[in-house]
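Student: Protein chains in written order, with numbering that gives the first Met the number 0: chain A, 0 to 501; chain B, 0 to 501.
Treat the hints as calculated values from the structure; they're not laboratory data. It is possible that part of the hints are untrue.
Intra- or inter-copy, both count: the list cannot distinguish identical chains.
Unchecked claim - Calculated lysine-lysine pairs in the DSS-like style (CA-CA distance at most 30 angstroms, straight line):
1. K2 / K207
2. K328 / K317
3. K2 / K317
4. K317 / K207
5. K328 / K2
6. K2 / K337
7. K337 / K207
2 protein chains.
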Amino acid sequence: MSKSLEEAIAERALAYVTAPPSDPDDVIRFASPTELVDAFAGTVALTFDAEAPNESADSILDAVDLVIRHSVHTSHPRFLNQNFAGPDPVSVVGDWLGAALNTTGATFEAAPVFTLMESAVLHKLGRIAGYVEEGSDPLPTLPPGLFCPGGSTATLYALQLARHRHQPDVATAGANGDRLTMFVSDAGHYAATKSAALLGIGSDAVIKVASDEHGAMLVPALETAVAASRAAGDVPFAVIGTSGTTVTSAFDPLDAIADVCERESLWFHVDGCYGGSALFSPTHRHLLDGVERSDSFVWNLHKMMGMTQQCTALLVRKPEQLAPCFAGKADYLFQPDKLYADYDSGDRTFQCARRVDVLKLWLAWKHHGDIGFANRIDHAVRMADHTRARIAASGGTFHPVAGVFTNVVFCWVPPHLQPIDASVTHLDQLAEDVRAELHALPPRIKSQMQAAGTAMVGFQPVQGMNTFRMLYMNSTVTEADVDAILDRIDAYGTAALAEMGA
Amino acid sequence: MSKSLEEAIAERALAYVTAPPSDPDDVIRFASPTELVDAFAGTVALTFDAEAPNESADSILDAVDLVIRHSVHTSHPRFLNQNFAGPDPVSVVGDWLGAALNTTGATFEAAPVFTLMESAVLHKLGRIAGYVEEGSDPLPTLPPGLFCPGGSTATLYALQLARHRHQPDVATAGANGDRLTMFVSDAGHYAATKSAALLGIGSDAVIKVASDEHGAMLVPALETAVAASRAAGDVPFAVIGTSGTTVTSAFDPLDAIADVCERESLWFHVDGCYGGSALFSPTHRHLLDGVERSDSFVWNLHKMMGMTQQCTALLVRKPEQLAPCFAGKADYLFQPDKLYADYDSGDRTFQCARRVDVLKLWLAWKHHGDIGFANRIDHAVRMADHTRARIAASGGTFHPVAGVFTNVVFCWVPPHLQPIDASVTHLDQLAEDVRAELHALPPRIKSQMQAAGTAMVGFQPVQGMNTFRMLYMNSTVTEADVDAILDRIDAYGTAALAEMGA
Numbered sequence: 000m001s002k003s004l005e006e007a008i009a010e011r012a013l014a015y016v017t018a019p020p021s022d023p024d025d026v027i028r029f030a031s032p033t034e035l036v037d038a039f040a041g042t043v044a045l046t047f048d049a050e051a052p053n054e055s056a057d058s059i060l061d062a063v064d065l066v067i068r069h070s071v072h073t074s075h076p077r078f079l080n081q082n083f084a085g086p087d088p089v090s091v092v093g094d095w096l097g098a099a100l101n102t103t104g105a106t107f108e109a110a111p112v113f114t115l116m117e118s119a120v121l122h123k124l125g126r127i128a129g130y131v132e133e134g135s136d137p138l139p140t141l142p143p144g145l146f147c148p149g150g151s152t153a154t155l156y157a158l159q160l161a162r163h164r165h166q167p168d169v170a171t172a173g174a175n176g177d178r179l180t181m182f183v184s185d186a187g188h189y190a191a192t193k194s195a196a197l198l199g200i201g202s203d204a205v206i207k208v209a210s211d212e213h214g215a216m217l218v219p220a221l222e223t224a225v226a227a228s229r230a231a232g233d234v235p236f237a238v239i240g241t242s243g244t245t246v247t248s249a250f251d252p253l254d255a256i257a258d259v260c261e262r263e264s265l266w267f268h269v270d271g272c273y274g275g276s277a278l279f280s281p282t283h284r285h286l287l288d289g290v291e292r293s294d295s296f297v298w299n300l301h302k303m304m305g306m307t308q309q310c311t312a313l314l315v316r317k318p319e320q321l322a323p324c325f326a327g328k329a330d331y332l333f334q335p336d337k338l339y340a341d342y343d344s345g346d347r348t349f350q351c352a353r354r355v356d357v358l359k360l361w362l363a364w365k366h367h368g369d370i371g372f373a374n375r376i377d378h379a380v381r382m383a384d385h386t387r388a389r390i391a392a393s394g395g396t397f398h399p400v401a402g403v404f405t406n407v408v409f410c411w412v413p414p415h416l417q418p419i420d421a422s423v424t425h426l427d428q429l430a431e432d433v434r435a436e437l438h439a440l441p442p443r444i445k446s447q448m449q450a451a452g453t454a455m456v457g458f459q460p461v462q463g464m465n466t467f468r469m470l471y472m473n474s475t476v477t478e479a480d481v482d483a484i485l486d487r488i489d490a491y492g493t494a495a496l497a498e499m500g501a
Numbered sequence: 000m001s002k003s004l005e006e007a008i009a010e011r012a013l014a015y016v017t018a019p020p021s022d023p024d025d026v027i028r029f030a031s032p033t034e035l036v037d038a039f040a041g042t043v044a045l046t047f048d049a050e051a052p053n054e055s056a057d058s059i060l061d062a063v064d065l066v067i068r069h070s071v072h073t074s075h076p077r078f079l080n081q082n083f084a085g086p087d088p089v090s091v092v093g094d095w096l097g098a099a100l101n102t103t104g105a106t107f108e109a110a111p112v113f114t115l116m117e118s119a120v121l122h123k124l125g126r127i128a129g130y131v132e133e134g135s136d137p138l139p140t141l142p143p144g145l146f147c148p149g150g151s152t153a154t155l156y157a158l159q160l161a162r163h164r165h166q167p168d169v170a171t172a173g174a175n176g177d178r179l180t181m182f183v184s185d186a187g188h189y190a191a192t193k194s195a196a197l198l199g200i201g202s203d204a205v206i207k208v209a210s211d212e213h214g215a216m217l218v219p220a221l222e223t224a225v226a227a228s229r230a231a232g233d234v235p236f237a238v239i240g241t242s243g244t245t246v247t248s249a250f251d252p253l254d255a256i257a258d259v260c261e262r263e264s265l266w267f268h269v270d271g272c273y274g275g276s277a278l279f280s281p282t283h284r285h286l287l288d289g290v291e292r293s294d295s296f297v298w299n300l301h302k303m304m305g306m307t308q309q310c311t312a313l314l315v316r317k318p319e320q321l322a323p324c325f326a327g328k329a330d331y332l333f334q335p336d337k338l339y340a341d342y343d344s345g346d347r348t349f350q351c352a353r354r355v356d357v358l359k360l361w362l363a364w365k366h367h368g369d370i371g372f373a374n375r376i377d378h379a380v381r382m383a384d385h386t387r388a389r390i391a392a393s394g395g396t397f398h399p400v401a402g403v404f405t406n407v408v409f410c411w412v413p414p415h416l417q418p419i420d421a422s423v424t425h426l427d428q429l430a431e432d433v434r435a436e437l438h439a440l441p442p443r444i445k446s447q448m449q450a451a452g453t454a455m456v457g458f459q460p461v462q463g464m465n466t467f468r469m470l471y472m473n474s475t476v477t478e479a480d481v482d483a484i485l486d487r488i489d490a491y492g493t494a495a496l497a498e499m500g501a
């Protein structure tokens, strides 16, 4: 072999980025765990023996080919399964360059360029969110936020900031025993309960506020819940507004929530992990009206914007709150007598070593410009609108359930149940046997889809029943892809029905 | 330009990996923030205007060249500044392939190959640590641990597991008000206090146990501290033993700590972020004797083993404790009716979307084998031993202070203070004016080093004084590199002295 192993692997990775799998049946080459074990046994075993030998480069390259072959092709335009579809190629190679340089973002000393890029990007994001003024220093030593390893972690940090404002000595003295409560819509992300558990507040302290049929928080219900919590002797301290819920992409009314938070002196955190990117689009940014009144705002650029896993910004209105809340004051690392240490970000966050996720975002943003970022959002919504139109025109083959913005939730309806009566606006209005039949179909349809490899579309319970969700962010999806996926779901549904003996 | 932008960036990244900067004065091309702003202004501005245009590919490539030029070259054999020196090229391109495939490790559905690789690698790591038996299923659906985004996060999870065992309803009900205390040596990592703050336990609850002159915990002091804490009405719940402290790479006596933890019913967590990798070496693995008796063990493969940022394994003795502690039970994601959902790892951890850090480790381990991993450790210790020998033979130019294993902490001593008396075994035995002079030198020497770009060596307070630390993990470091760095420190010291007018 003339190439080095690393060159050969890099060549395969680059070929994947520049010409990703696009055959209509190559969204996934599905294999069971047993089949994967057997396939790898022909190259390099998946498992490790008591003494692991060094394998030949040729065997490892064969294994690399298997890794690629049997991974889910999330860049395929017919992968609509989750909210990380269609990575931006510039982001991918920006990620590569960051990995090659392999430093950590904690200090200017170890990451001079990336420290400044973080400041610049966080300031720009802060301006877009209305946290900082246009015209203020675009390269501040104290930018309005942090980069975090994912949205759940950012939510965790935000809730600790909220608790820290409520009890300024919590970081040193520990929680003072107040029975804290916080509020999130019943369509909000589980990061709220998981964070409450980890913070020692407890997931029972997370009060789920009712939402409308698409999943947007009902603000009168929030007001009632806060009052009830106070009446019970608990101490409300934070509200999470969601911009882009996981299943239906609902947007909570942030301005109305901000009114409540101001009146009740509650920390207002916005979970814009998914939908925060609507701010890039002049057409859709109104969905986040009021975000500028929040205290903290988490925004995953690795979802709609196609950055690779992960690229999470936690914006904070008052960044001077970060160091008192998180500083570890490690004297081996954050010495004031190092050059330009005032730029060091490491003592404003929880993490120590930290991947330089900013580089890929900086490169992609400079490459696409604001206009390119806006186009990505607008294209995604157009694809969702096309899906909604196709469902409406399907003559009853598909029944719309919920979803706004980029998300479409629907049922495939067997011919003998078509069409579901137009008066059915909520699936619990259906008869129990109809519900049972509709509920049983998606897992069977999905299994056929995975086996055929022609698409990946997720299903999950909505209104108590398994339903499909199609969601868009991959800029290479076309209307023809949408049509083809719906056609496949119809075909697999028909086959599943036959299989069930209906 | 015939190549696409992404191909051109990838080409530069690959050239960096296959032929990293190696000129003796190219460890860093140091530039101040102002100089960096000016340099980028000639290509693509670091900052973003109110309307960010899309920049030309040529400009962006010029900016990429600047990014590379002004980043710290952590793969350079004369970068000894921090514990992530010298990434393994196979790890770098493994990281790239993972980024290209851009999925998340939370479910088998989205990451079939990586889910199995995680199981296999965690099982192998668990065998090496003595957590699971050789001969048990090497591909379990419930492997003995997790991958985490860094060592601090893993410590946070481990301490939550510890609290969860103490109070099994903590995740739902919140902390019950017990005044918990935990114990770590005074040379341990700040992740302990930062985690205690975030958990709501409070950093004051972290009791720092005295250590010996190299930083290894004094177990009698631990026993005294636990007893004193109980006597004060507090509730000890966890002890952190450190294997490889940050500054001196000290190894706490794990077996003796395990005795205390068993007797006192305390959770025993081992922070092997740095030194855990000694387990790969038959020669050095004895440093972790007793780790097999711990409850949890965090191990950063992105430190000594040269994986790119980040690659952290949190091993847990009883992995069945993970789900009750962390599960969010998101029904949109973890449906039991999905294929092979019993392999899903996402509901056993805090994170939702998660980068597939396992791939690079799997590839590197298969490529190097156990023997290659052992060699990397043994080489690093040899370089440290060579450094110690050079210091001992320096005739007083360098004064040894502390450090074991891969770490060497020392002072550069100005000629008029040479040699420091051999009876000085702790720097606080020095006269105050001598201390002040020795303390003032490292920042000045470091600044000259950064400006010249000939090396990167960290300094930090040890025994109350700034001292240099050289630490080894990069497999390309040679004895000639060590000698050259020490010579440069001597030269910069002489120059700094002249500059100070001494």
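Student: Hint by hint, say whether it matches the structure.
Tutor: Here is what the structure says about each hint:
1. K2 / K207: neither (57 angstroms within a copy, 52 angstroms between copies)
2. K328 / K317: Intra 20 angstroms, inter 33 angstroms, cutoff 30 angstroms: intra-copy only.
3. K2 / K317: neither (52 angstroms within a copy, 44 angstroms between copies)
4. K317 / K207: Within one copy, since 27 angstroms is at most 30 angstroms while 32 angstroms is not.
5. K328 / K2: neither (46 angstroms within a copy, 47 angstroms between copies)
6. K2 / K337: neither (42 angstroms within a copy, 41 angstroms between copies)
7. K337 / K207: between (47 angstroms within a copy, 27 angstroms between copies)
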